[in-house]
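Chains as they are written, first to last, in our numbering: chain A, 5 to 429; chain B, 9 to 282; chain C, 0 to 312.
Just so you know, these hints were derived from the structure itself, not from any lab. Computed from a predicted model, the values in this text were never measured in an experiment. A couple of the hints might just be wrong.
[Said to hold, decoys possible] Simulated DEER-style distance windows between Cβ atoms:
1. B/262 x C/37: 33 to 41 Å
2. B/262 x C/143: 23 to 31 Å
3. C/19 x B/271: 33 to 41 Å
4. C/40 x A/72: 43 to 51 Å
5. C/215 x A/427: 53 to 61 Å
6. B/116 x C/221: 31 to 39 Å
7. C/143 x A/280: 20 to 28 Å
8. C/108 x B/271: 19 to 27 Å
9. C/199 x B/262: 37 to 45 Å
10. B/116 x C/70: 32 to 40 Å
11. A/121 x C/78: 24 to 32 Å
[As the list claims (entries may be wrong)] Some chain B residues near chain C, calculated using beta-carbon distances under 10 Å:
12. 120
13. 233
14. 247
In this text, a Cβ means the ideal position worked out from N, Cα and C, and glycines have one as well.
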Amino acid sequence: MKFKKFILFILLVLTSGILFACSDKDTSSSGDSGEKVDAVELELYSWRPEDREAYEKFIEAFEAENPGIKINFQPFESTEYNTILTNSLVSGSGPDIIQLRPYSGTKSIADNGYLTQLNDVPGVMDIEDSFLEAAKGSDGQVYGVPTTLNAGVIFYNKDIFEKYGLAAPETWDELLEVSEELKNNGITPIAQAGRAAYLLSMLHGVVSPSAYGGNDYVDEILAGSTDLTDPRMMETLDRLEEIEQYLPKDFIALDDNDAQALFYAGEAAMYINGDYRLGTFEKNAPEMNIGVVPGLKGEGQNEPYVMNWVDGSFGVVEKSEHKEEALKFIEFMATKEFGQLFSDELNRLSAINGVEPKHELVKQITKASEANTTPYLLLVYFGEGSPTTKTVFEDSLQGMFLGEITKEQVLEDAQKNAERAAEEK
Amino acid sequence: MKAKWYVQTLKYLVLALFTFIFGYPIFLMISSSFKSNIEIFTSPLSLPSTFSFENYAEVWEAVDFSSYIWNSIIVSAASVFIVLFVSSMAGYYLARYKFRWNSFILLFFMIGLMLPMRLAVIPLYMMMMNLGLLDSLFSLIFVYVAGGIPFAVFLFYGFFRTVPRALEDSARLDGCNDFQIYYKIVLPLMKPAISIVAIVNLLNVWNDFFYPLIFIRTDALKTIPLGMLTLFGEFDTQWNLLFAGLTISSLPMLIAFLFASRQFMDGLTEGAVK
Amino acid sequence: MSTQIKDQGYFKKRKLRKNMVHLFLLPAAVLYGVFQLFPLISAALNSFYSFNGFDRDQFIGLKNFIVLFTEEPYKGTFFNAFKHNWIYFFVTVFTQLVIALLLALIIHSKIKGKELFKSIFFLPKLLSVIVIGFLFSLVLNPTRGALNNLLEAIGLEELTRPWLGSMDTALFSVIFVDSWASIGFSMLIFLAGLQAIEPEIFEAAKIDGANWFTVLRKITIPMLGPSLLVMSVLVFIGSFETFEYVFAMQGSSGGPYYSTDVLTTFFYRLAFGTTDGGQSIGLGSAIAVILFVIIGLATTFMLLIFKRKDFER
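Chain A with its partners taken away, still in its complex shape:
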């Protein structure tokens, strides 16, 4: 009967597997139920594994002020985060505090009733209204505290610019002039990659507001009096065509890190991406002398348009057993103290009013965006539909650069998708 025992053993192993895994989970959440006397433990989900150290510092600061609350920072890979978050919310097994994708990302979660309204949390309503826009549901209520503001900017290599006696470009025409000069000197003007299509959206977003006339066009789009096929939008695509000659050869085949490598090596003089790349530069090329152009000026303007968008915000799960404690953390995130800490640790733009950044370039970008901010149009207002209109648009840009489709088609496809998305709602 040796064999029967063997089977029994295997079944035991199999079932104990289930038991073991279950009990494993129980211990991790035991703070919720058993030992309330010690501390309430909150789960915080985020898609920023690379910011772990900084978040642990924020949490430390919070815990020092709020003994009795413990926060467990749980980051996931950005690409899987949406799925993981949706599933944990649906199954009700998950977190108390969650990092929310901005705009339509927050909207869909809030509209399905998984988030707690934050209008009454002290400090929240003091945040700039345009930032709060990223964390609202369809009902217009606020469901998240925005923490980070992103800006799409042009980084440039100061040494190269100095060598050829060039000044940082302020307008589109200056950008072209500078690029021409650099090209004549055998330097790739802009280290642009296009294998990941979102990089093309970024390029478009940075150079387009001064072409379509900034917020007026955005307002008209929102009012429904014009759409993406507007001639002003067409002009932005003309610009992309015009600038193509100043991008690296075969840039559609390049990865973002290839582009960065060109920039680090001094083979390219400019690089366009979000301000969050500052951290990457400091890690990979700390000795590099970098300057930043926060945006381009429109005709007859004194301040450049800075393309801004909220990167993410934090909300409280409606079904959380420790809503009260979770709201305390949200309150903390809306304070200037937190904003300052955030900006200092991560060198990012804080969404909280009156935070003074330490980093020179961050300071410059913050000042510029306070003076004249404009939304990242495709990300902020075209994030709906499946696929999203932004995705359709940037994939089409790839097709345009590869000569597969015309500019007109790019805009038509994007507009059609936007209409579809609106219908679906």
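With chain A's structure known, arrange chains B and C on it following the hints.
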């Protein structure tokens, strides 16, 4: 009959060409792993100027490879073992005991053979979450076992049908019970089937990154392929480290193959002839 | 039939034992049923719902399928991806059947170093898809990649191109990498088939004065017939299930501009969404169901062949 010399030359030329095509990328991966980042850039095709293990040390330091390797070993060993065990029993059952429902059961397993399981990943994910198995190696083992069963059951079923019953009948007369017959008499005859199932499953499980990508979150629980994703996220511009990481993650299999290449290949082909 | 009666007679004496016998089947059936069949069925059911990840409350019948086949951008994307699956299939048939058979024939003939060549050709099969994908995205990199450097070094500069970044070459590059990894395996299968053919048949043919090509056409291929057929169906299934190589090298967007998009990447984008969102589990599941049908038909076909082969024995 002697082969003509030019035919022979042509054959060797073809073999040499394919040796280059198959071998060179792997050679390139290993040789680049010893170079510095600048050397890869400036002289990508030449041999490394020095054999330094610095890249390996740095990668080993930065990424938790020893955990990854352990996890891969545990998951692969457990999955392959369970697949072999349960499928050979099921195959035996289907081949030897003629119950009325046998053809339905074959059909039941056939569905799994037909359909790409990856497409069911969302319900699978939710199930793992409800069972509390997410972020544990058990989730991987269960999925790999379930995925390996249909193919293995069919293979074993086919094999058992070729084994003469006379052997079992005589053992039965000697007083062995069914389970004893199964594992004393029948199983030893199954070596070719066992080796093909084991190798096919081992290669699949060892090299899969899809399920770990979706089920595993904790760094210390990652398998090698998923660990590679992390590495590529972190060192995207340092090709020397990337090549070293690629080499490290391939090494266990390459070494196993070096020692047992015949068993690997013969195991696969012996099973396939039947 | 007689054995069946004998079995039953044997078991009647020991009823308990008879029931114990079902334990042979149970573990495999349970594990497979719970962790494979059940998720597959519920994935299929999702295709009849409007499902954004949160609520699966709205049953909409076949609407997902209709949308997929009639409305843009889905229609265009679907047929574009479907076309790529077919291209994938035809190119892979060439590499996995023609090239692999050629290599098997050469190794099977009179040459030195059989084992060494076999091992080298099999080597790529040992590497993980992700390793292969990354390795080749480095090798095929337009500026720093080994392939373009190699071409330049041997004076073939005009052949250098952005292999993974151009509409014309990206899909073929991915298929090449896939084939690179799997030819060795197909070769082994063919070798096994060749070894099973009695050498006397070849000897007889040679004495009759048949040349190499005639032998191949008249003897080798017919003798390998069943494995060739089975292999082509396997290649078909593989070409429609293919995901990893595209995903590892080109990402889920199947770039550049959908030139490497296949049905599974299209499925992935809808079922999981991108970082920008855009998740629609209902539509994604509809693609999955279509793939179930395509692959199911192919496998049924393969099993019919198997059955015929069985009867021949």
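Structure-based check of all given hints:
| no. | hint | verdict |
| --- | --- | --- |
| 1 | B/262 x C/37: 33 to 41 Å | 37 Å, holds |
| 2 | B/262 x C/143: 23 to 31 Å | 25 Å, holds |
| 3 | C/19 x B/271: 33 to 41 Å | 35 Å, holds |
| 4 | C/40 x A/72: 43 to 51 Å | 47 Å, holds |
| 5 | C/215 x A/427: 53 to 61 Å | 60 Å, holds |
| 6 | B/116 x C/221: 31 to 39 Å | 35 Å, holds |
| 7 | C/143 x A/280: 20 to 28 Å | 25 Å, holds |
| 8 | C/108 x B/271: 19 to 27 Å | 24 Å, holds |
| 9 | C/199 x B/262: 37 to 45 Å | 39 Å, holds |
| 10 | B/116 x C/70: 32 to 40 Å | 37 Å, holds |
| 11 | A/121 x C/78: 24 to 32 Å | 45 Å, violated |
| 12 | 120 | 5 Å, holds |
| 13 | 233 | 5 Å, holds |
| 14 | 247 | 6 Å, holds |
Hint violations for this structure: number 11 only, all remaining hints satisfied.
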